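J.: Letter by letter, the chains look like this.
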Amino acid sequence: MNIIVVGLSHRTATVEIREKVAFSPNQMQKPLAELTALDGIIEGVIVSTCNRVEIYATTRDIAGGIARIKRFLADYHRLALESLEPHLYAYHSEAAIRHVFRVASSLDSMVVGEPQILGQIKTSYGYAAEYKSSGIILNRFLHKAFSVAKRVRTETKIASSAVSVAFAAVELAKKILGDLSDKTVMLIGAGEMCELAAKHFLNSGARGVMVTNRTFGRAEKLAEEFGGEAIRFEELFEHLHRADIVLSSTGAPHCIIGPRDAEEVVRKRRFKPMFFIDIAVPRDIDPKVDDVENAYLFTVDHLQEIVQANLAQRSLEAEKAEEIINQEIGQFHKWLSTLEVTPTIVALRGRFDEIRKAELEKTISGWKDLPTDAEKKLEALTMAMMNKLLHAPTAVLKTAGQGGRVDLYVDALRQLFELESLQQDEQELELEE
Amino acid sequence: MSHIFFYLTFALYGCATAAYLVFLLRSSSQVGVWADRLVMAGFATHLLSTIHRFSSSGHLPITNMHESLSFFALSIVGAFILFERKYKVTILGAFVIPIALLLVISSSAFPSAIRELNPALKSNWLWVHTIMAFVSYAMFTIAFGAAVIYLIQQHFLKKKRLGALFQKLPSLNTLDDINYRCLTIGFPLLTVAIITGAIWAEKAWGTYWSWDPKETWSLITWFIFAALLHSRLTTGWRGKRASLLTIAGFLVMLFTFIGVNLWLPGLHAYK
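Chains as they are written, first to last, in the working numbering: chain G, 1 to 433; chain R, 1001 to 1271.
To be clear, the hints were calculated from the coordinates, so they are not data collected in a lab. What you are looking at is a predicted structure, and each value in this text was computed from that prediction instead of being measured. Each hint should be verified, as a subset may be incorrect.
[Stated by the list, open to error] Distance condition first, Cα-Cα at most 30 Å in a straight line; then the derived DSBU-like pairs of lysine-lysine: (1) G:K20 with G:K30; (2) R:K1240 with G:K268; (3) G:K199 with R:K1159; (4) R:K1214 with G:K157; (5) G:K288 with R:K1086; (6) G:K157 with R:K1159; (7) G:K157 with R:K1203; (8) R:K1240 with G:K272; (9) G:K272 with R:K1168; (10) G:K199 with R:K1158; (11) G:K174 with R:K1214; (12) R:K1214 with G:K150; (13) R:K1214 with R:K1203; (14) G:K157 with R:K1160; (15) G:K221 with G:K150.
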């Protein structure tokens, strides 16, 4: 039995293509049913997020399975396979396992270490479980992926630092101003990054926002959006001292806050520290403002540097994560191979033969006047019984091996006759959950 | 007995100092937890050692250099434990506990034999005067630690060097809060210590103020912290200036305590 992965992600396809092949989350029953109805596809899970669309499946026929899933992806979304094909990747066996472990651990994400992806895969798996498109292998496979992701999260520091400029600004503000709950943010001008940062500050508990803009109407609109206060641009310096955090991004051709202004404002605040963030190009705040005592000026470049440093730290941690994944792949692969038919038949025969020999031994050793050829006859008799008993299950297993449901039989057999340590594995799995 | 506790204290403070320094330089929060535990254990043995000495001598163990240095260290560690609890600033230990360790080490360099109490010290004023002084010293030591970290953090912020150490040290705001809190506790206590000292001096020596070197230097210390408190309250001085003045005040205080005793002859020089 083989695990295959077919899909596309932010690495291989632009958002225009990704949105064309995305599956709508509240209508998963139909595509999952169609997927498992494909020839040779036994189990299937569809993961669809804004950054990736991937199909996990099990099959006996790797090449055929991959081709059929590609075709399914194109047909389902009414796209030409030729246009989709260049963006698709496909993995099987060990590479497929590695890929899914990496995705779940957020190593393949656009922002490495971001935590949403695990939840998204869990939701996708939830649909597959609900509509019964996943079976014994994918169930176990995805649970394993979740536990690997959890291990990566707890054993490495992959998700512990700020990797967006807005988030870095909030972290930095806390380092200067401490608790943000009694702090006020002043937004000068407008701009996507500025507004995003303001939102981050409010989410982190900042008390209020003042907004100013050369166009007062725009300031009023933004202030309303944030539940803040609109300030006329001409009155900026009458209110600036009330702000602990100043976010500036106007289109002004020259600086609007100079070191003199900053000095005066800080004095007016009785030297309480102020955190200036200049997002504008050309700059809004004179770099000399940073020389003013208790004023701390950071530009977008500074924040970007923090983000870069954090990202570098993350990539170091990512190496540790790959190491963890390597260990886990080996384990899972071993379990997968126990589901194969031939080793199961061999193990089953071995178990029967063991019992037969033990019982034969008991009978013969306690038999005082044993007829000369009795031992041979008993041997033949028990052998014939064993072969007859095993004939039907073996034949069913072998035929099932060409069809789809073999792993169910194999798993049942292994549990019923206590072959190898499969049960122990199951207990381990429950513990992990 | 008190010897055993003293050496145990010595060892525990040594280990705690090492642990705080490792915590400062390496990223492991577990080390910080252990450093806190070591310092608590050290404080406990130190307290036992002091109590034991107190019960066997019958007077407060602050009558010679050995005892005073040890008592100073005890006050610092006690104050640190309280501040660490309140402000969650484990890292402060890396700046304050080494001072306590140095004090304990230098205390052991002085003769530790219990001597008959100097008649001039046989008074209940000894308790009030010295305990107030030691607690205020401990507060100023904590303030000193916070001020040093403040200057480091501010340096990192101005130079935009925001590495692992910057991330680990507390926020400017927390450090300034600690500074202010220490000042508002330490300064009134120092004031009370000086006033009770004067009253006691009048009873023992017949004069309130005799410009003994200890008295003079205490007054200088008092003026520095008075200036700091005053400018904090009136013009809102804080941050860098407050930190620099705190450090100056601490150094003068240290000289008042150690230097005057050792090098300047006077009524307070109890070796």
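J.: Against each hint, give a clear statement of whether it holds in the structure.
T.: Taking the hints in turn, this is what the structure says about them:
no.	hint	verdict
1	G:K20 with G:K30	17 Å, holds
2	R:K1240 with G:K268	17 Å, holds
3	G:K199 with R:K1159	28 Å, holds
4	R:K1214 with G:K157	54 Å, violated
5	G:K288 with R:K1086	37 Å, violated
6	G:K157 with R:K1159	26 Å, holds
7	G:K157 with R:K1203	65 Å, violated
8	R:K1240 with G:K272	11 Å, holds
9	G:K272 with R:K1168	22 Å, holds
10	G:K199 with R:K1158	26 Å, holds
11	G:K174 with R:K1214	43 Å, violated
12	R:K1214 with G:K150	63 Å, violated
13	R:K1214 with R:K1203	18 Å, holds
14	G:K157 with R:K1160	23 Å, holds
15	G:K221 with G:K150	43 Å, violated
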